[in-house]
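Given next are the chains, with one letter for each unit.
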Amino acid sequence: MLKVKNLHASVEDKAIIKGLNLEVNPGEVHAIMGPNGAGKSTLGYVLSGRDGYEVTDGDMTLNDANLLDMEVEERARAGMFLAFQYPVEIPGVSNMEFMKESVNAMREERGEDPLTAAEFLKKAKAACKQVQLPLDFLKRGVNEGFSGGEKKRNEIMQMILLEPSLCILDESDSGLDIDALQVVADGVNSQRDGKRSFIVVTHYQRLLDYIKPDFVHILADGEIVKSGDASLALEVEKHGYAFLGKKYEEAEA
Amino acid sequence: MSKCIWQDRHGQNPGTVNTGKSEITNMSEQIEQAVELEEALERKYEAGFHSEIEADTFESGLDESVIRRLSEIKGEPEWMLEWRLKAYRSWLEMEEPDWAHVDYPKIDYQSISYYSAPKSMKDKPKSLDEVDPELLRTYEKLGIPLHEQEMLAGVAVDAVFDSVSVVTTFREKLEEAGVIFCPISEAVHKYPELVKKYMGSVVPRTDNYFAALNSAVFTDGSFVYIPKGVRCPMELSTYFRINEQNTGQFERTLIVADEGSHVSYLEGCTAPQRDENQLHAAVVELVAMDDAKIKYSTVQNWYPGDENGKGGIYNFVTKRGICHTNAKISWTQVETGSAVTWKYPSCVLKGDNSVGEFYSVALTRGRQQADTGTKMIHLGKNTRSTIISKGISAGKSNNAYRGLVKMGPKADGARNFTECDSLLIGDTCGAHTFPYIESRNPSAIVEHEATTSKVSDEQLFLCKQRGLDTEKAVSMIVNGFCKEVFKELPMEFAVEAGKLLEISLEGSVG
Amino acid sequence: MSQWLNQVIEQAKQVDDYLTPVRQQALKTLQTEGWPSQRSEAWRFTPLTPVTNREVQTAAADQAGEAPEVAGLNAIDVVFANGQLVTDLDNISWPEGVTVTSLAEAGQHSDDVAAVFGQVKPQRHLFGLVNDAVCQQGIYIDIADGAQVTMPIRIVNLATQDTDAHTRVLVRLGKDARATVIEHGTGDAQSMTTAFAEYDIAASAHLEHYRFAMFTGSACHVGGSHFKLGDHAELNSTLVGYGSQLSRVDVDIHHAGEFADAKMNAIYLLAEGELFDLHSTIEHAVPNGTTEENARGIIGDRARAVFNGRIHIHRDAQKTLAELNNRNLLLSRRALINTKPELEIYADDVKCAHGATVAEIDEGALYYLLTRGVPRSRALIMLNFGFIRELVNLMPNEALREWLLPVLSERFAKMEVR
Chain A
1 MLKVKNLHAS
11 VEDKAIIKGL
21 NLEVNPGEVH
31 AIMGPNGAGK
41 STLGYVLSGR
51 DGYEVTDGDM
61 TLNDANLLDM
71 EVEERARAGM
81 FLAFQYPVEI
91 PGVSNMEFMK
101 ESVNAMREER
111 GEDPLTAAEF
121 LKKAKAACKQ
131 VQLPLDFLKR
141 GVNEGFSGGE
151 KKRNEIMQMI
161 LLEPSLCILD
171 ESDSGLDIDA
181 LQVVADGVNS
191 QRDGKRSFIV
201 VTHYQRLLDY
211 IKPDFVHILA
221 DGEIVKSGDA
231 SLALEVEKHG
241 YAFLGKKYEE
251 AEA
Chain B
1 MSKCIWQDRH
11 GQNPGTVNTG
21 KSEITNMSEQ
31 IEQAVELEEA
41 LERKYEAGFH
51 SEIEADTFES
61 GLDESVIRRL
71 SEIKGEPEWM
81 LEWRLKAYRS
91 WLEMEEPDWA
101 HVDYPKIDYQ
111 SISYYSAPKS
121 MKDKPKSLDE
131 VDPELLRTYE
141 KLGIPLHEQE
151 MLAGVAVDAV
161 FDSVSVVTTF
171 REKLEEAGVI
181 FCPISEAVHK
191 YPELVKKYMG
201 SVVPRTDNYF
211 AALNSAVFTD
221 GSFVYIPKGV
231 RCPMELSTYF
241 RINEQNTGQF
251 ERTLIVADEG
261 SHVSYLEGCT
271 APQRDENQLH
281 AAVVELVAMD
291 DAKIKYSTVQ
301 NWYPGDENGK
311 GGIYNFVTKR
321 GICHTNAKIS
331 WTQVETGSAV
341 TWKYPSCVLK
351 GDNSVGEFYS
361 VALTRGRQQA
371 DTGTKMIHLG
381 KNTRSTIISK
391 GISAGKSNNA
401 YRGLVKMGPK
411 ADGARNFTEC
421 DSLLIGDTCG
431 AHTFPYIESR
441 NPSAIVEHEA
451 TTSKVSDEQL
461 FLCKQRGLDT
471 EKAVSMIVNG
481 FCKEVFKELP
491 MEFAVEAGKL
501 LEISLEGSVG
Chain C
1 MSQWLNQVIE
11 QAKQVDDYLT
21 PVRQQALKTL
31 QTEGWPSQRS
41 EAWRFTPLTP
51 VTNREVQTAA
61 ADQAGEAPEV
71 AGLNAIDVVF
81 ANGQLVTDLD
91 NISWPEGVTV
101 TSLAEAGQHS
111 DDVAAVFGQV
121 KPQRHLFGLV
131 NDAVCQQGIY
141 IDIADGAQVT
151 MPIRIVNLAT
161 QDTDAHTRVL
171 VRLGKDARAT
181 VIEHGTGDAQ
191 SMTTAFAEYD
201 IAASAHLEHY
211 RFAMFTGSAC
221 HVGGSHFKLG
231 DHAELNSTLV
241 GYGSQLSRVD
251 VDIHHAGEFA
261 DAKMNAIYLL
271 AEGELFDLHS
281 TIEHAVPNGT
291 TEENARGIIG
301 DRARAVFNGR
311 IHIHRDAQKT
321 LAELNNRNLL
331 LSRRALINTK
341 PELEIYADDV
351 KCAHGATVAE
361 IDEGALYYLL
371 TRGVPRSRAL
381 IMLNFGFIRE
391 LVNLMPNEAL
401 REWLLPVLSE
411 RFAKMEVR
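Line order of the protein sequences matches chains A, B and C.
If you count the first sequence from 1, position 5 lands on 5 in our numbering, and the numbers rise without skipping.
If you count the second sequence from 1, position 81 lands on 81 in our numbering, and the numbers rise without skipping.
If you count the third sequence from 1, position 15 lands on 15 in our numbering, and the numbers rise without skipping.
Each hint should be verified, as a subset may be incorrect.
The list that follows gives simulated cross-link-like pairs (lysine-lysine, DSBU-like), each with its CA atoms no further than 30 Å apart [unchecked claim]:
| id | chain 1 | residue 1 | chain 2 | residue 2 |
| --- | --- | --- | --- | --- |
| 1 | B | K464 | A | K14 |
| 2 | B | K472 | C | K13 |
| 3 | B | K483 | C | K13 |
| 4 | B | K350 | A | K14 |
| 5 | A | K129 | A | K151 |
| 6 | C | K319 | B | K396 |
| 7 | B | K472 | A | K14 |
| 8 | C | K13 | B | K464 |
Don't read these hints as lab results, they were simulated from the structure.
If you're wondering where the values come from, they're calculated on a predicted model, not measured in any experiment.
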C-alpha cells in the first residue's frame with residue numbers, strides 16, 4: 001500500500017528525514033516510536049504534503065501512485081488520513097459543514113453521488129456517538145474551544161467518516177487520560193478491517209497496549225534505526241532510548 | 001457580562017507587565033510609593049555642562065545670504081550651493097507639520113543662528129594634537145575620548161561639535177579596508193560624485209518641512225561608503241554635541257553600503273542644560289545595495305528640559321533607508337532626551353527579499369513629548385519587516401508611537417510584525433499608539449499588536465520585599481521591559497543604554 | 001469648495017424650530033470649517049468626490065417604502081423612505097413603557113428631544129454637523145425606567161430615489177430598562193443620505209443594537225450610532241456594512257458611568273469597487289469600564305475599506321479594560337485596506353490592547369482542511385467566510401442570525417477569491 005524509499009526531507013533547508021524506508025501492506029499496523037526531535041511529526045507532514053516540508057530525495061507511493069506528484073487534498077482523496085497531534089481551531093467554520101464538504105469530496109473521487117444533508121447527518125451522528133462526542137459538537141466551529149481530549153476524539157470521528165485506506169495517527173495518545181485513551185483506541189480498532197492500514201506515531205509504549213501493532217520501528221535522527229515486532233516497544237518502555245547512544249539518553253532525561 | 005476579555009489567543013494577559021489591585025497595598029502605602037516615584041523621576045542630566053570655547057557664530061536669522069555665506073565658509077562647489085538654495089526656496093513654500101501628538105510654542109526660525117564653529121577649527125587642524133584641548137576635554141567628559149589609544153577598540157568616531165566635525169578617528173585603518181568615513185563637508189569636496197548621486201536620493205530635498213530646512217542649511221555630519229563585499233572592520237560612530245547658545249544643529253548623515261557589504265553605525269547626542277529651547281533638525285539617509293546590511297543605532301540624549309518643561313532640544317529628525325534586493329537595514333534607537341521628539345526612522349523595502357527592522361525604546365519624563373515610530377514601505381516581493389517599540393512614560397510627559405506599514409500591490413508574500421508596548425509610570429502622563437496600516441496585496445501579511453500596562457504594586461512589593469529600593473526595582477522592571485530592544489544594540493552600547501535609562505529614571509520611579 | 005455643502009448651508013439657514021440652538025452651532029461650524037481638504041485626517045482615505053459637487057435633490061414623499069423582509073423577525077418597523085417618515089406612529093401599539101414621537105411633531109416632548117439631540121456626541125464631523133443643521137425627519141424613542149421591551153424596534157432607511165435626506169434617531173433608555181433597536185438601511189439609488197442615531201443609556205440599562213448599513217451602488221451614505229453609557233449600563237452592538245460609492249459609519253461609545261460594559265462587533269463585506277469606511281471612538285471618561293471591539297472585513301476586487309478604531313482612556317478612567325481587534329482579508333491585489341487602530345491613554349492602571357491584521361488565510365487551517373480532501377478553492381471560501389461568520393454567530397438575536405448568514409453568504413459567493 002504505502003512504499004517509502006530512501007526518503008529525505010527538510011524544513012527551511014534543515015534536513016529532518018534522512019533516508020527513511022518503510023513499507024506498509026494492507027491491514028498492517030505499524031508503530032513508529034522515537035525520542036523527541038527524531039522527526040516523528042515531520043514524517044506525517046511529509047507524507048501528507050504540507051507546504052514547507054520539502055522532499056529532497058527518495059520516493060513515496062500510495063497504492064502505486066506517486067505521492068510526490070500529488071497535492072495535499074489529492075493525497076487525502078487517494079485515501080490518506082492524518083490524525084493531528086495538535087488539531088488546529090477554525091472558528092466560524094462548523095464541524096458539520098467541514099465534514100460534509102470533505103465526505104462529499106471523497107465520494108466524488110470514488111464516483112459516488114454526494115450525500116444529502118439527511119444522509120450525512122445520520123452518518124455524522126453515528127460517528128460522534130462512537131467516539132462519545134456530544135452531537136452539538138457538529139454545530140460548533142472546527143475544534144473551537146474543544147479540550148485536548150475532545151480534539152483527539154474529533155480526529156478519530158473524522159477518520160471514521162472519511163473511511164481512508166491509510167491512517168497516520170500522530171501522537172494521538174498525548175495528553176489523554178486513560179478513559180479518553182480507551183475511547184480513541186476503540187475508535188481506531190473499530191476501523192481495523194484487515195484492509196485498512198495504520199501508522200501509529202507515538203512517543204510512549206502506552207498507546208500500543210490498546211492498539212496492537214504488527215511492527216514497531218524506532219525512528220532516530222531521521223532514520224529508522226531498528227525494527228521489530230510488538231516486543232520492541234516493550235523493550236523501549238523498559239530501557240528507554242538509551243540503546244541509541246548517549247545523545248538520546250540525555251534528550252530523554 | 002463577561003469581564004474575561006483578557007484571555008487573548010495565547011491565553012495570557014496582553015499586558016507585558018501584570019496589573020491588578022493588591023490587597024496588601026493600603027492607601028497610605030500607595031501615596032508613599034507615589035511620592036517615592038516622583039522623587040525618583042527627578043533625574044539628573046549629566047551631560048548638561050557648557051564648554052567655554054570661543055566660537056564663530058552667525059548672527060541669528062535665515063535668508064539666502066546666510067546660506068551663501070555658510071556654503072562659502074565650507075568652500076562648497078557651486079552645485080552644492082544650488083542644491084541648498086533650491087531646498088530653501090521649497091522650504092519657504094512649505095508648512096510646519098502639525099499632525100504629531102506634540103505641543104510646543106511656534107518656532108521662530110529667524111531667532112536661530114544657523115552656523116557656529118569653534119574658532120580653533122577655522123584653520124582645520126591636521127591632527128589631534130592641533131585640536132583645541134578644551135574641545136577634547138569636552139568629549140572626554142562625555143565619555144568619548146578621541147585619542148585612538150584611549151578609545152574603545154573597534155569603534156571609529158566622528159565628533160561633531162555644533163556645526164563642524166572636530167575629528168574623525170581611525171581613518172587610516174578604515175582606508176585600508178577601502179571604507180570612507182569622513183565629515184560630509186569633506187566628502188562634498190573629495191567624493192562629489194558619490195555625494196551628488198546619493199544625497200537626497202532617499203530623503204528628497206522637499207520630503208518634509210524639516211528635511212527641506214536641513215537640506216538648505218545642513219552644516220556637518222558623517223559620510224560613510226563601504227565598497228562592494230567589504231565587511232567594515234570596526235563600528236563607526238558619530239557623536240553630536242550642541243554647545244553654543246541659540247544655535248540650531250542641522251547635521252546630515254549619508255551611509256552608502258555597496259553590494260554585499262556590512263556596516264554597523266552608532267550615533268550619540270548631548271547638549272548643555274539651558275533654559276531656552278534649541279532646534280535640531282537632522283537628516284539621515286541610508287542606501288543598502290543588493291545583499292548589503294546596515295545596522296544603525298542611536299542613543300539620543302539631548303537635553304530634555306527641566307521638570308517644568310523649561311528648555312530642552314526640539315528634535316525633528318528625518319531618517320530613512322532604502323533596501324535593494326536581499327538587503328537589510330536595522331534601526332535601533334534609545335530615545336531618552338529632547339523636549340520634543342519627532343522622528344520616524346524608516347525603510348523603503350524596494351528590492352525583493354529585503355528586510356527592515358525597527359527597535360525602539362523611548363522614555364519620556366518631566367514634560368517631555370515624544371512622537372516617534374517608523375515607516376516600513378514594502379514594495380518588493382517577500383520583503384520582511386519587524387517593528388518592536390517600547391514606550392515608557394513618566395511624570396507629565398506624553399509618549400506616542402506613530403507608524404506606517406504599507407504593502408504595495410507587488411509585495412507578494414511580504415510580511416510585517418509589529419509590537420508596541422507602553423508602560424505608564426504614574427497617572428499624570430500619557431501613552432499613545434497611532435499605527436497606520438495600508439495593504440494592497442492579498443498575499444501580504446501584516447500583524448500589529450499593542451498593549452499598555454503599568455508597573456504593578458505587586459511587582460514593586462516583591463522587589464522591595466527582596467530588599468531593593470523603589471528606584472532600583474523600577475529600573476529593573478523597566479530594563480526587563482526594554483530587553484528585546486537592548487539586545488539589538490552593539491554590546492558596549494547596550495550597557496550604556498541600560499545605564500542611561502537608569503539615570504533617566506532616577507527620581508522618576510514609576 | 002463644495003457646491004453641495006453650499007446648498008446644504010443655504011438649506012440650513014431656512015430651518016427654524018425648537019432645536020435651533022444646536023442647529024445654529026452646527027451651521028456656524030460648517031461655515032467656518034468648510035469642505036474638508038484631502039489632508040483632513042477624518043477623510044484622508046475616503047474621497048468625498050462623489051458628493052463634492054452634487055446638486056441637492058429633494059424627492060417627493062415616497063409612496064413605496066416597504067421595509068425589507070427579515071423572515072422570522074417579529075419587530076415593530078418604523079420606515080423612512082428617501083428621508084421621509086412614512087410610518088404612522090399613532091397606528092402602532094407600542095409596548096408598555098415605550099413612547100415614540102416624530103421629531104417634526106415633538107410637541108410636549110420637545111424638551112426631552114432637546115436633551116438628547118446633539119448631546120450624546122457633541123463632537124461631530126462634517127456630515128454629523130449637516131445632519132444637526134438640516135435634519136427634520138426623525139424619531140425620539142423613550143423607554144421608561146425598568147421597561148423590559150422584548151420586541152425589537154426596527155428603524156428602516158430606504159434609498160430608492162435620487163434625493164438628499166437627513167434623518168435622526170434619538171433613544172433614551174431608562175434606568176434598568178432593556179430594549180433591542182435595529183437600524184436597517186438599504187438601497188442603491190443615486191442619493192446622498194445621512195442617518196445618525198444617539199442613544200442615551202441610563203444606569204443598569206441594557207441595549208441590544210444592530211446597524212445594517214447595506215447601501216450599495218451609487219447610494220452615498222454617511223451615518224453613525226452614538227452611545228452614552230451610564231453606571232453599569234450594558235451595550236451589545238453589531239454593525240454590518242456594505243460599501244457603495246461612498247459609505248461611512250461612525251460607531252462611538254462614551255463611558256460616562258462606571259462599570260459599564262460595551263461589546264461591539266463589526267463586519268464589512270465589500271464587493272467589487274465598493275468603498276466602506278468605519279470609524280469608531282471609544283471614550284472611557286470614568287473608571288472601571290470595559291470595552292471589547294472586534295471588526296472584521298473582507299475586501300473584494302477594486303474595493304476599499306477604511307477602519308479607524310480609537311480607544312481614548314481619560315485621566316480618571318482607572319481600572320479600564322479595553323480591547324480592540326481588527327482583522328482584514330483582501331481578495332485581490334486591486335483591493336485596498338487602510339486600517340488604524342489607535343490608543344490614547346492617560347491613566348496608568350488600565351489594561352488596553354489593540355491588534356490589527358491584514359492577512360491571507362491561516363496556513364495551518366488551510367492545510368488541515370486540505371488533509372481532509374476538501375478542494376482548495378472550497379477550503380479558501382469556507383475559511384474566508386468562516387472569518388466573518390464567527391461574528392455573526394455572536395449576534396444575540398436568532399432571527400437576525402438566521403436571516404443574515406445566507407444573505408452574507410450569497411453576497412460573498414459572488415465575490416471572487418483571487
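The hints, checked one at a time:
| no. | hint | verdict |
| --- | --- | --- |
| 1 | B:K464 / A:K14 | 47 Å, violated |
| 2 | B:K472 / C:K13 | 65 Å, violated |
| 3 | B:K483 / C:K13 | 61 Å, violated |
| 4 | B:K350 / A:K14 | 29 Å, holds |
| 5 | A:K129 / A:K151 | 15 Å, holds |
| 6 | C:K319 / B:K396 | 20 Å, holds |
| 7 | B:K472 / A:K14 | 44 Å, violated |
| 8 | C:K13 / B:K464 | 67 Å, violated |
Going down the numbered hints, you'll see the structure goes against 1, 2, 3, 7 and 8, while the others check out.
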